[in-house]
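Asks: Each chain, written out:
Number of protein chains: 2
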Amino acid sequence: MGRPGLNRTAVIAAAADLADELGFDAVTISVLARHLGVRSPTLYSHISGATDLRTAVTAYVLDELADTTSRAMAGEGRDLLVAYADAIRDFARRSPGRYDATTRQRVPPGQARESRTDSVGEAITAGRRNADLALTVVRSYGIAETNDTYAVRLMSSLIHGYITLEMAGTFAHREPTSETTWPAVLEDLDRTLTRIATAQCH
Amino acid sequence: MGRPGLNRTAVIAAAADLADELGFDAVTISVLARHLGVRSPTLYSHISGATDLRTAVTAYVLDELADTTSRAMAGEGRDLLVAYADAIRDFARRSPGRYDATTRQRVPPGQARESRTDSVGEAITAGRRNADLALTVVRSYGIAETNDTYAVRLMSSLIHGYITLEMAGTFAHREPTSETTWPAVLEDLDRTLTRIATAQCH
DNA sequence: TAGAATTTCCTACAACCGTTAGGCAACTCG
DNA sequence: CGAGTTGCCTAACGGTTGTAGGAAATTCTA
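First to last, the protein sequences are chains A and B. Oh and the first sequence: position 77 is 77 in the working numbering, straight run, nothing missing. To convert, take the position in the second sequence, counting from 1, and add 202; that gives the working numbering.
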């Protein structure tokens with residue numbers, strides 16, 4: 001079935017690795033091609049362009065993140081929250097370029113269904129996987145359907161915001177360490193989620 | 203004193219406007235030059251390169267944000283928190299490219315003092331201005347110095363995280379509206395800040 | 001085993017962006 | 001009015017994206 005060589009998945013995986021090495025923005029087609037030992041035009045057999053490459057990396061990494069996170073998730077309530085949040089933060093610290101890929105992606109609101117690449121659809125699907133994991137955490141607190149979307153947004157905003165600012169170096173120049181404030185953040189988040197769960201049933 | 207024309211501030215202000223129109227990543231030197239009616243090399247009289255331009259825009263926008271936010275800040279405790287958070291969110295919604303500029307900037311940890319452009323120093327100073335505003339909000343809750351850094355990180359993470367995810371369209375595809383969950387987030391944040399303030403003095 | 005089909009990869013090329021070098025023109029001040 | 005200063009220009013180079021078309025390698029088939 002033709003000559004063997006690179007395939008789309010290998011290209012995208014290499015791009016994800018390169019993002020961790022050089023930063024997501026530095027992942028260009030030419031750099032990636034050099035890194036793979038081929039010429040730039042070769043990559044156009046596997047990806048349709050630079051934006052497709054970035055979107056595909058996002059989808060690929062979102063799937064990796066969902067895999068990692070779901071593997072780490074265990075327990076209920078506070079234990080589950082800590083396991084979930086730590087898994088995401090560890091992922092971001094271990095693979096900053098990959099984590100950047102998950103956030104540096106914008107889905108235009110009026111995105112027509114025909115003008116969507118396959119990669120965009122894959123990224124949306126993978127994003128939903130991660131959202132479902134967040135929902136699992138919230139549900140384990142006993143939060144009902146009425147409030148679960150709100151609780152997911154609150155939790156995701158806090159976790160994502162903290163990790164983003166931490167990675168940007170915002171917390172690096174002042175005591176206490178980011179390492180010590182992180183558990184406290186999760187503790188307060190646990191309190192808030194508990195409150196939401198108890199406030200609804202009265 | 204020579205021939206009048208563009209100056210550095212005008213170039214950077216135009217770049218900030220362009221970021222709102224086309225997105226921060228689309229602000230290139232050539233596009234900016236076309237937008238200003240000059241040729242690309244002309245801009246090198248006012249900026250030292252592409253990275254300097256981006257950093258300068260970040261510093262410029264961080265100052266604008268601090269101006270806007272401090273103008274909107276009024277009251278104490280919960281009122282002040284809402285005024286503060288709403289001001290930042292309104293800024294981000296009104297000027298998404300500018301808000302992106304505030305976040306898309308990374309300060310390398312081991313940044314030597316000599317290898318720093320003026321723009322980097324200005325960005326750091328402007329960033330501190332915004333951090334001081336956050337500190338003002340936290341202080342108005344009566345939170346002591348022992349916990350103020352922690353409280354600032356919690357508050358900033360939640361606000362920044364929510365705005366980022368909202369702007370990325372994450373909250374757009376599900377009920378309830380992001381408009382309705384936002385006040386609830388601030389309410390829970392108010393509760394948490396109040397708890398931190400009361401828990402410290404016993 | 002020979003040939004066909006398929007797929008990969010290449011060279012060549014055009015367009016655009018960032019950047020530097022060097023020169024012309026306009027404005028201000030003495 | 002002349003000198004100095006400053007802003008903007010053209011020219012040119014290297015690097016990146018993207019397209020077109022062709023050569024080579026591998027697998028399937030006769």
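Please keep in mind that the hints were generated in silico from the structure rather than gathered at the bench. Please note that a few of the clues may not be correct.
Stated by the list, open to error - So these bits of chain A aren't anywhere near chain B, every CB distance computed over 12 Å: (1) Ala-10; (2) Arg-34; (3) His-35; (4) Gly-77; (5) Leu-133; (6) Arg-139; (7) Ser-140; (8) Thr-149; (9) Ser-156; (10) Gly-169; (11) Pro-176; (12) Arg-191.
Claimed, not checked - Computed footprint of chain B on chain A; a stretch qualifies when at least three of its residues, placed anywhere within it, have a C-beta under 8 Å from a C-beta of chain B: (13) 62–73; (14) 157–168; (15) 179–188.
Every residue gets a Cβ at the ideal spot worked out from N, C-alpha and C, and that includes glycine.
Asks: Each of the hints needs a verdict: does it hold here or not?
Replies: Each hint tested on the structure:
1. Ala-10: 27 Å, holds
2. Arg-34: 21 Å, holds
3. His-35: Holds: least Cβ distance 22 Å, greater than 12 Å.
4. Gly-77: 17 Å, holds
5. Leu-133: Non-interface label stands for Leu-133(A): nearest chain B Cβ at 14 Å, farther than 12 Å.
6. Arg-139: The assertion about Arg-139(A) holds, with a minimum of 15 Å to chain B.
7. Ser-140: 19 Å, holds
8. Thr-149: Nearest chain B Cβ is 6 Å from Thr-149(A), so the label is violated.
9. Ser-156: 6 Å, violated
10. Gly-169: Non-interface label fails for Gly-169(A): nearest chain B Cβ at 5 Å, not farther than 12 Å.
11. Pro-176: 6 Å, violated
12. Arg-191: 7 Å, violated
13. 62–73: violated (count 0)
14. 157–168: Satisfied; 9 residues make the cut.
15. 179–188: With 4 residues closer than 8 Å to chain B, the region 179–188 of chain A meets the three-residue bar; holds.
In this structure, the hints that do not hold are numbers 8, 9, 10, 11, 12, 13, in rising order.
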